[in-house]
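2 protein chains.
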Amino acid sequence: MDQGKLFVFSGPSGTGKGTICRELLKEPGTWLSVSITTRAPRAGEEHGVHYYFVTREEYDRTVEEDGFLEHAEIYGNAYGTPKKYAMEHMAAGDDVILEIEMQGALQIKKAYPEAILIFVLPPSLKELRDRIRKRGTETEEQIATRMKTTLSEIELLPEYDYFLINDDLEEAIATARSIMKAEHCKTAGSAQTLIDRYKEEQ
Amino acid sequence: MDQGKLFVFSGPSGTGKGTICRELLKEPGTWLSVSITTRAPRAGEEHGVHYYFVTREEYDRTVEEDGFLEHAEIYGNAYGTPKKYAMEHMAAGDDVILEIEMQGALQIKKAYPEAILIFVLPPSLKELRDRIRKRGTETEEQIATRMKTTLSEIELLPEYDYFLINDDLEEAIATARSIMKAEHCKTAGSAQTLIDRYKEEQ
Numbered sequence: 002m003d004q005g006k007l008f009v010f011s012g013p014s015g016t017g018k019g020t021i022c023r024e025l026l027k028e029p030g031t032w033l034s035v036s037i038t039t040r041a042p043r044a045g046e047e048h049g050v051h052y053y054f055v056t057r058e059e060y061d062r063t064v065e066e067d068g069f070l071e072h073a074e075i076y077g078n079a080y081g082t083p084k085k086y087a088m089e090h091m092a093a094g095d096d097v098i099l100e101i102e103m104q105g106a107l108q109i110k111k112a113y114p115e116a117i118l119i120f121v122l123p124p125s126l127k128e129l130r131d132r133i134r135k136r137g138t139e140t141e142e143q144i145a146t147r148m149k150t151t152l153s154e155i156e157l158l159p160e161y162d163y164f165l166i167n168d169d170l171e172e173a174i175a176t177a178r179s180i181m182k183a184e185h186c187k188t189a190g191s192a193q194t195l196i197d198r199y200k201e202e203q
Numbered sequence: 002m003d004q005g006k007l008f009v010f011s012g013p014s015g016t017g018k019g020t021i022c023r024e025l026l027k028e029p030g031t032w033l034s035v036s037i038t039t040r041a042p043r044a045g046e047e048h049g050v051h052y053y054f055v056t057r058e059e060y061d062r063t064v065e066e067d068g069f070l071e072h073a074e075i076y077g078n079a080y081g082t083p084k085k086y087a088m089e090h091m092a093a094g095d096d097v098i099l100e101i102e103m104q105g106a107l108q109i110k111k112a113y114p115e116a117i118l119i120f121v122l123p124p125s126l127k128e129l130r131d132r133i134r135k136r137g138t139e140t141e142e143q144i145a146t147r148m149k150t151t152l153s154e155i156e157l158l159p160e161y162d163y164f165l166i167n168d169d170l171e172e173a174i175a176t177a178r179s180i181m182k183a184e185h186c187k188t189a190g191s192a193q194t195l196i197d198r199y200k201e202e203q
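Residue numbers (the numbering used here), protein chains in the order written: chain A, 2 to 203; chain B, 2 to 203.
Simulated from the structure, these hints should not be mistaken for laboratory data.
Quantities reported herein were computed from a predicted structural model and do not represent experimental measurements.
Any copy, or any two copies together, can satisfy a pair, since identical chains are not distinguished.
Below, a list of computed lysine to aspartate or glutamate pairs in the EDC-like style, where the Cα atoms sit at most 20 Å apart: (1) K149 - E202; (2) K6 - E89; (3) K182 - E171; (4) K84 - E66; (5) K187 - E156; (6) K182 - E24; (7) K200 - D168.
Generate the whole structure from the sequences, applying the supplied hints.
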């Protein structure tokens with residue numbers, strides 16, 4: 002059986018990467034990486050579904066054991082992507098999907114260069130602005146700040162392997178699936194296994 | 002408009018790459034590269050469809066002008082893949098499909114490193130052998146020789162970007178389309194254009 006791959010979806014907020022990832026999970030043989038956190042569960046949050054809730058001691062031990070693909074402290078709480086589960090699922094042939102903010106994605110690429118980084122983009126800044134305005138949760142000033150952040154995030158594009166413009170959701174999902182399929186057809190890393198397979202037949 | 006890309010399909014004979022390429026051409030914005038040859042047209046062969054039939058002088062001039070992506074002499078006739086038409090179609094946004102034997106494919110990669118090389122594989126040597134036997138056009142000895150050639154050709158896999166196992170034809174076509182789609186989402190070569198596009202909006 003072929004080894005699974007790690008697909009990291011990232012990009013500015015509001016681009017719909019969460020929705021895309023949830024759809025991708027409907028494909029059999031696809032598994033969503035769940036983060037570890039030291040913060041307390043909120044109402045409705047389930048251990049192993051939304052997060053793995055761990056103690057600070059467990060978290061620190063995992064850091065020491067180099068057990069994270071990436072980790073960060075945010076407002077006094079620690080978060081991390083555990084290596085173990087992702088590796089186990091990939092070894093079992095599952096593709097692992099990970100949705101994460103941009104700095105985390107770049108950390109993962111350093112820790113695990115085989116990771117495939119996909120940058121989810123809005124069709125345009127105007128479109129993104131309109132989407133956020135429609136939600137009505139942010140002031141014009143907040144929106145302007147966010148647009149600046151988005152633009153500076155987009156400058157990180159060259160660090161990613163693929164871009165995915167989320168204009169039409171169905172199309173973006175199909176394109177994400179194409180990327181995943183194509184990655185499984187790359188000779189890099191699997192050419193020798195294939196050659197051996199045909200040779201053994203002789 | 003995005004620039005088109007050059008997709009080179011190659012692999013051992015009998016793997017069905019011709020059928021796959023013909024199906025891919027049904028997609029709008031896809032163009033098949035037609036070779037140049039100095040040999041005379043055979044019955045039913047059309048200029049510009051099966052080959053561009055040229056004189057030896059025209060061929061030699063094209064060689065001198067570095068006008069081929071690859072070229073070779075076979076049994077006293079010269080063949081070549083003209084650069085000009087492929088480049089024109091790519092500039093116009095078309096993907097260019099090229100079906101070619103393996104040495105030609107590797108020549109193209111040298112002349113035009115942006116070319117995407119796809120190696121079409123049989124599901125197994127046994128399966129390939131059965132297909133050829135069914136045709137009934139070759140002796141057992143010829144088949145055995147051909148299997149040896151196939152195996153030595155498969156050893157060239159690491160030179161290619163992708164492999165495509167033609168087990169189920171429909172699936173192979175869908176996978177080829179996925180590869181083409183994914184290649185258009187690579188940040189390599191297009192990240193700066195994208196960044197500029199978002200920046201201009203500001």
